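Engineer: In the order they appear, the protein sequences are chains A and B.
All residue numbers for the first sequence refer to the working numbering, where the first residue is 7 and numbers rise by one.
All residue numbers for the second sequence refer to the working numbering, where the first residue is 84 and numbers rise by one.
In short, the hints are calculated from the structure, not lab data.
Here the structure is a predicted model, which means the values were calculated and not measured.
Just so you know, not all the hints are guaranteed correct.
[As the list claims (entries may be wrong)] Label pairs and their calculated CB-CB ranges:
no., chain 1, residue 1, chain 2, residue 2, range
1, A, M58, B, A204, 38 to 46 Å
2, A, V319, B, K277, 44 to 52 Å
3, B, V123, A, K63, 54 to 62 Å
4, A, I71, B, Y201, 25 to 33 Å
[Claimed, not checked] Some, not all, of what chain B presents toward chain A, calculated at C-beta under 7 Å:
no., residue
5, L219
6, L223
7, L231
8, L291
9, V343
10, G347
11, L355
[What the hints assert, rightly or not] Chain B regions said to be covered by chain A (calculated; three or more residues, Cβ under 8 Å):
no., segment
12, 142-155
13, 303-310
14, 313-321
C-beta atoms are modelled at their ideal positions from N, C-alpha and C, and glycine is treated no differently.
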Amino acid sequence: MNMVMMVARRLLHAFLLILAVLVLNFFLIHAAPGDPADVIAGEMGGATEEMMADIRKTYGLDKPIYVQLGVYLGRALQGDLGQSFFYNAPVLDLVLGRAGATILLVTTALLFAIFVGTSLGVLASHKPKGIVSGLVTLVSVIGYSAPIFWTGLMLVILFAWVYPIFPISNMFDITKDTGFFGYILDVMHHLVLPSLTLGIVYLAQYARLTRASMLEILSSDYIRTARAKGVAETKVYGHHALRNAVLPVVTIAGLQFGSIISGAVLVETVFSWPGLGTLAFDSILARDYPTVLGILFFSSVLVILANLVTDFVYRLVDPRIRTGG
Amino acid sequence: MTASDISDVVQAQSPFREAIRAFRQSWAGMLGLILLIIVVLFTYVGPFLYPVDPFEIVWAPLTAPGQTEVAPLGTDYLGRDMLAGLIHGGSATLFVGLAAGFITVTIGILVGAFAGFYRGAVDEALMRVTEFFQVLPALLFAMVLVTLFTPTIYVVSFAIGIVSWPTTARLTRAEFFRIRSLEYVNAARSVGAKNSRIMWRVILPNALAPLIVSATLTIGIAILFEAGLSFLGLGDPNVFSWGLMIGAGREYILDAWWSVTFPGFMIFLTVLSFSLVGDGLNDAFNPKLRER
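Given the sequences, and given the hints that come with them, work out the whole structure.
Structural biologist: This is the structure:
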C-alpha cells in the first residue's frame, strides 16, 4: 500500500472514532435518569421554562430518537458542543480556553518522562545490577502503586513547608508584572511540580522498558559486530542500541496518552492548574453536563490525534514498517 | 547408578506445585503477600479490636497525631478519629477493588476470547469496540458515568470496570490467538469437541497464567481509580472508605498533613501489595523470565 492511501485510511479511521465518541455522548445524555432536556440544561434549577422549551426545540427532543441523534451529530460536527448554563458560554469556547494549559502540562510531563526515563534506562542497562537499576525499580514500584494525587499532595507538603522554592498552585502569579519573558519564566516555575508529579509515574515505566530492551539489544549480533569493528562504546550505546530501544517507548507513550490525560485531571485538581481537569472538576460539582461531556469529547479527540501522531512518528523512526499497512 | 539415584534426579512436580515453589523464591511476591495479609488483617480483624465508629465525632477537629489518647492518629476536619477511619475504611476500598477487578476481567476475557477464537469479522468488530474504549480517557469517562448516575459503591465499581477492560481483552485475545493453533486444540477438535468446549475448557485453562497476573494488577489499578474518584468527591458519600477520607481531607492539606497522608499511605500499601504479588506470580508462571 502506498503512503497516501495509508494516510487516508488512518484519517478516515480517526474520523469514525470521533463520530463514535459523539454517539456515545448522545447516548449518555439519554441514558441518564430523568429528562434529557434537564441533562442538557445541566440540572441547574436556574433554567426557565422558556429555556427548556428552547432546548427541546433546538435538539428536536420531541422527535424520534434517530432524528435527535442526527441533529446532535450535525451540530457537533459544526463545532457546536452545546451551551454551558453554569458558565453562560458555549462549551467549545470553554474547552478551547482551557485546553492549552492541559496540553502544556501533559506534553511537558511526557517529554520529561521520555527523556529522563530512557536516559535512566540506558544507565541502568550499563550495569544491570547496579545502583541505578535498583533506583529505577524502586521509583517504578512507587510510581505504579501510589495514587498520583497523593504523590502530588506529598510534594505540596514538602514544598510548602520544608523547601518553599516552587509554587504549589495555579499557573502564574497575577501579582507579578514582569513582561513577556518574565511571564514565560513564571509559568515554567509553576509548571515544575505538576509536571514532575505527572511525569514520575511514566518516567519509571519508560526507564524499565528501555532497560529491558537495551539489555536484549546489547546482547544481539549486530552490537557484537559493531564492537568487534572497534566502534566506540558511546556510539554503540547512543547510535546503534538506543535507536532500537526507543521504539517500544514511543509506542507505549502514544498508547498512554489517554491515561496521562486522566492523570492530568487529578494533578490539575491538586495544583489548581487552570486546565481541562479543573474545568471538569468544577463543572461536575455544578452538574454542568454539557461542559463535562464536551471535555470528554475533546480529550478523546486529543487521544485520537496523539495516536495518529505516534503512528507516523513510529514509521519515521523505524524504516522497516514504513511500507507496511 | 541405582534406581534410587534416578528417582532423586528426576523428581517430577505438578506445574501448580512448581509455581508455588517459584513464588516462594520470589522476594517481591513474598513481600507482597505478607503486606497483603497485614492489610487484610488490619481491615477485617481491626474493627473488632478497635470498635470506634468512624463517623463519630470524638475530639476537637484537626487535632494532630499524638495529642490525645482518644484519637492517637489525630482527627479530621469534623473531629472524627483518623485511626478508626483507617481501620474501618479499608473494606469498602477492597470491595471496590475486587468488584471492579472482577467486572474488568469478566468483560475482558469474554471480548478477548471471542475475538481471538473466531478471528475474522468477529475479531475485527470486537477490536474496533476495544479500540474505541481505549480512546476515551478512562478517569474522565468514569467521572461522567458516576455523575450521571448516583455515586453508590456499586455504580463506582461498575464504572471502573467498564473503563478498564480493554487491556485484559487484548491480552486474552493474544493468548487465544497463540493457543488456538496448538496441537492439543486440534486434537480436541478432531474428537468432536464443540467450539464452546474448546474455548472455555481447553484454551482458557491454558491461557490462565498471564490472565491471573494481569487480574492481580487490575485490582490494584481499580483501587487507585476508586481513590481518584473519591479524591474528586465522586465516591459513595455514605460508605466510609480511604478514598472518602482523602476527599474530605484535601481542603485541609496545609493545616493537617495527616488527614490525607495516612489514608493515601494505606492505599499505597494495598496497591503495592497487589502489584508485588503480581510480580511474584509472573516469576512463578514464567520460568523463562526468571534469570533476568
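Engineer: Next step is simple, just say for each hint if it's right about the structure.
Structural biologist: Hint-by-hint comparison with the structure:
Remark: the range hint 38 to 46 Å for M58 (chain A) to A204 (chain B) is upheld by a beta-carbon distance near 44 Å. Distance hint for V319 (chain A) and K277 (chain B): a CB-CB separation of about 46 Å, consistent with the stated range 44 to 52 Å. Remark: the range hint 54 to 62 Å for V123 (chain B) to K63 (chain A) is upheld by a beta-carbon distance near 57 Å. Checking the proposed 25 to 33 Å range against I71 (chain A) and Y201 (chain B) shows it holds: the Cβ atoms sit about 31 Å from each other.
Annotation: interface hint on L219 (chain B) holds; nearest CB of chain A at approximately 5 Å, less than 7 Å. Checking L223 (chain B) against chain A by beta carbon gives a least distance of about 5 Å; that is within 7 Å, so the hint holds. Nearest Cβ of chain A to the Cβ of L231 (chain B): about 4 Å, under the 7 Å cut. The hint holds. At a threshold of 7 Å, the smallest CB-CB gap from L291 (chain B) to chain A is about 23 Å, leaving the interface hint violated.
For V343 (chain B), the interface hint holds, the least distance from its beta-carbon to any beta-carbon of chain A being 5 Å, beneath 7 Å. Here the hint on G347 (chain B) is kept, as its CB sits about 4 Å from the closest CB of chain A, short of 7 Å. With its C-beta approaching chain A no nearer than about 4 Å, L355 (chain B) sits inside the 7 Å limit, and its interface hint holds. With 0 residues bearing a CB less than 8 Å from a CB of chain A, the segment 142-155 of chain B misses the requirement of three and the coverage assertion fails.
Here the segment 303-310 of chain B counts 3 residues with a CB under 8 Å from a CB of chain A, which clears the bar of 3, and the coverage holds. Counting residues of the segment 313-321 of chain B whose C-beta lies closer than 8 Å to any C-beta of chain A gives 4; at least three are required, and the coverage claim holds.
The earlier numbered hints that this structure contradicts are 8, 12.
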